[in-house]
Amino acid sequence: MRKHALRGTALFYLVAVLLGPLAMVFYRAFERGVQPLWRSLTDPNTIHAFELTLEITAVAVPINTVFGVVCALAIVRRRFPGAGIVNAIVDLPLALSPVVVGLMLFLLYGRTGWFGSFFQEHGIQILFATPAMVIATIFVSLPFVAREVVPTLRELGDEQEQAAHTLGASGWQAFWRVTLPSIRWAVVYGVVLTTARCLGEYGAVAVVSGHIEGKTETATLRVQDYYENFNQSGSYGIAIVLAAISVIVLLAMTLLRPKESA
Amino acid sequence: MSIEVRNISKRFGSFHALDDVSLDVDGGSLTALLGPSGSGKSTLLRIIAGLEHPDVGEIRLAGEDATVVAPQKRGVGFVFQHYAAFKHMTVRDNVAFGLKIRKQPKDAIAARVDELLQLVQLQGFGHRYPAQLSGGQRQRMALARALAPEPKVLLLDEPFGALDARVRAELRVWLRRLHDETHTTTVFVTHDQEEAMEVADSVVVMNDGHVEQVAGPRELYDAPANEFVMTFVGEAIRFDGRLVRPHDLEITLDAEPGSREAQVERIVHLGFEARCELTLDDGSRVVVQMTRGRAAELELDPGQIVLVRRPGVGVGRELTNVAG
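Just so you know, the sequences run in chain order A and B.
Residues in the first sequence are numbered from 0 upward in steps of one, following numbering that gives the first Met the number 0.
Residues in the second sequence are numbered from 0 upward in steps of one, following numbering that gives the first Met the number 0.
You may find that some hints are simply not true.
Unchecked claim - Short, incomplete list of chain A residues facing chain B, as computed with Cβ under 8 angstroms:
no., residue
1, 167
2, 168
3, 180
Said to hold, decoys possible - Counterexamples of contact, computed for chain A against chain B with all Cβ distances above 12 angstroms:
no., residue
4, 19
5, 73
6, 110
7, 115
8, 117
9, 118
10, 250
11, 253
If you are wondering where the hints come from, they were derived from the structure by calculation, not from laboratory data.
Even glycine gets a Cβ: it sits at the ideal position worked out from N, Cα and C.
Build out the structure end to end from the sequences listed, making use of the hints.
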């Protein structure tokens with residue numbers, strides 16, 4: 000009896016909080032038929048927004064993957080003073096509101112900011128352009144790979160790496176042949192979460208992008224744009240494309256992951 | 000390849016793992032580092048392998064200073080207690096690892112791996128993953144992996160510690176035979192004195208970060224350097240203020256010079272030998288070991304009052320530093 004109650008509660012919660020709203024989005028998107036939805040999605044500015052989102056993601060994810068693995072190795076393997084601080088700093092983007100992140104970048108790269116004047120002198124546009132949006136996205140999606148890899152590395156221990164060393168492997172060889180294959184699923188999972196976060200990033204990017212239609216507008220900003228202009232089916236349309244990408248990515252993950260135990 | 004350990008000290012925080020340890024291991028020998036946990040034996044082995052660095056002191060391999068040489072350049076094979084198997088690789092790939100790192104030609108690697116799998120009796124298991132092997136098989140795989148690059152020194156850290164008694168006994172015999180065939184300088188760590196005595200030519204008894212004694216198994220038992228070695232290697236009991244072996248005592252039914260009264264608590268028959276646990280008149284407990292023939296002769300029963308004495312007082316096992 001209690002088991003059923005527990006299961007029921009969990010299910011109700013998921014439906015109410017997650018699936019219900021998602022279903023509503025789908026319903027609203029198709030409410031006025033496929034035609035207006037299609038028109039909104041094939042609008043050049045919308046296509047550009049998707050392209051920009053993918054571009055930013057394509058830059059941010061590899062950078063954060065490398066950085067996340069390096070960070071995790073530093074936190075778990077190296078006994079150095081300040082490892083605890085690094086560990087805490089990696090989590091900072093999770094605790095900080097993306098809007099605050101955006102404002103920080105604004106202050107750094109703005110006309111009077113620390114780095115802003117330098118780049119301005121060299122004619123490089125950071126703010127209200129792709130670079131700032133990439134930096135903002137990297138910042139908010141930074142912890143995911145490290146967070147996934149750290150516990151796996153801890154559990155793995157360092158005996159296999161030591162064995163590799165005694166068999167003649169250099170540090171680099173041990174990493175490629177032993178450590179990385181052992182943590183690959185944690186890395187993949189981290190990459191998936193990072194990708195999802197990058198695709199969905201709104202707050203920090205909104206602050207630094209400047210919202211220039213067809214130029215600095217990402218998919219999520221486009222959703223807001225359409226919504227504010229009473230193009231409901233358009234905004235819901237983009238929303239379901241974003242949601243569909245997330246679902247596909249998570250499904251791919253779930254299908255791939257069980258192989259790990261074999 | 001000989002190993003020389005010169006005045007090595009190592010601390011972990013405030014814990015002295017090794018305190019000014021020196022040791023010589025002859026090339027081609029089979030040596031056991033024996034001691035209780037925390038005695039520093041594993042740390043010493045890891046320092047020889049280059050997996051730990053001494054705070055002070057020097058390691059010389061084949062006469063050359065190797066103190067700061069990286070583990071991958073020392074030419075040592077290392078076997079871990081918990082196998083350290085590469086879980087994502089098949090048995091073949093595990094064994095081939097050291098050879099692939101050395102970029103040996105493919106067919107040479109395949110031939111060597113076949114040879115080693117045969118040696119460790121894992122011929123049919125090449126394509127399995129470590130998770131599909133038993134503990135004993137995993138450790139044999141780890142041994143084959145360590146032997147593949149033909150190390151000049153083979154170091155084993157409690158290699159059989161995680162295995163059950165029967166497999167452990169098999170692998171002991173196997174390790175001894177392997178050494179007799181290859182004559183690779185071998186050092187293994189164990190806390191099991193029986194294992195050390197059975198397998199090794201030379202046993203290094205360690206305690207509290209010090210070397211207590213280095214000797215052959217027989218000398219270690221017959222002429223322990225001090226009370227620690229006497230009690231750690233083989234069984235020792237206190238009788239009349241002296242440490243003696245259980246087979247040094249004798250049970251009699253008639254009074255003899257120096258005999259004391261004791262009550263039989265329990266009799267244990269262990270194949271050829273029998274052990275009798277007794278409580279002496281002063282309340283202390285002793286164990287007496289005898290042949291089964293002698294036990295049958297005495298017809299001992301629990302609760303019976305008998306006499307215990309130590310015949311042949313003054314044989315070579317007297318210890319100068321034994322206090323009462």
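Cross-check of the supplied hints:
Below 8 angstroms, beta-carbon pairs count as interface contacts, and residue 167 of chain A has one with chain B at about 5 angstroms; its hint therefore holds. A hinted interface residue such as residue 168 of chain A counts as satisfied when its beta carbon comes closer than 8 angstroms to some beta carbon of chain B; here the least separation is about 5 angstroms, so the hint holds. A hinted interface residue such as residue 180 of chain A counts as satisfied when its beta carbon comes closer than 8 angstroms to some beta carbon of chain B; here the least separation is about 4 angstroms, so the hint holds. Consistency note on residue 19 of chain A: stated as away from chain B, and its beta-carbon is indeed over 12 angstroms from all of that chain's, at 42 angstroms minimum.
For residue 73 of chain A, the requirement that its beta carbon stay farther than 12 angstroms from each beta carbon of chain B is met, with the minimum near 20 angstroms. Non-interface call for residue 110 of chain A relative to chain B: holds, since the shortest CB-CB distance, roughly 52 angstroms, exceeds 12 angstroms. With a closest Cβ-Cβ approach of about 46 angstroms to chain B, residue 115 of chain A is found to remain outside the 12 angstroms limit, as its non-interface label requires. The claim that residue 117 of chain A is not at the interface with chain B holds, since no C-beta of that chain comes within 12 angstroms of its own (minimum 42 angstroms).
Annotated as non-interface, residue 118 of chain A keeps its C-beta farther than 12 angstroms from every C-beta of chain B; the closest such distance is 43 angstroms. The beta carbon of residue 250 of chain A is kept farther than 12 angstroms from every beta carbon of chain B, the shortest such distance being approximately 25 angstroms. Against chain B, the non-interface label of residue 253 of chain A holds: every CB pair exceeds 12 angstroms, the least being about 21 angstroms.
Hint compliance for this structure: every hint is met.
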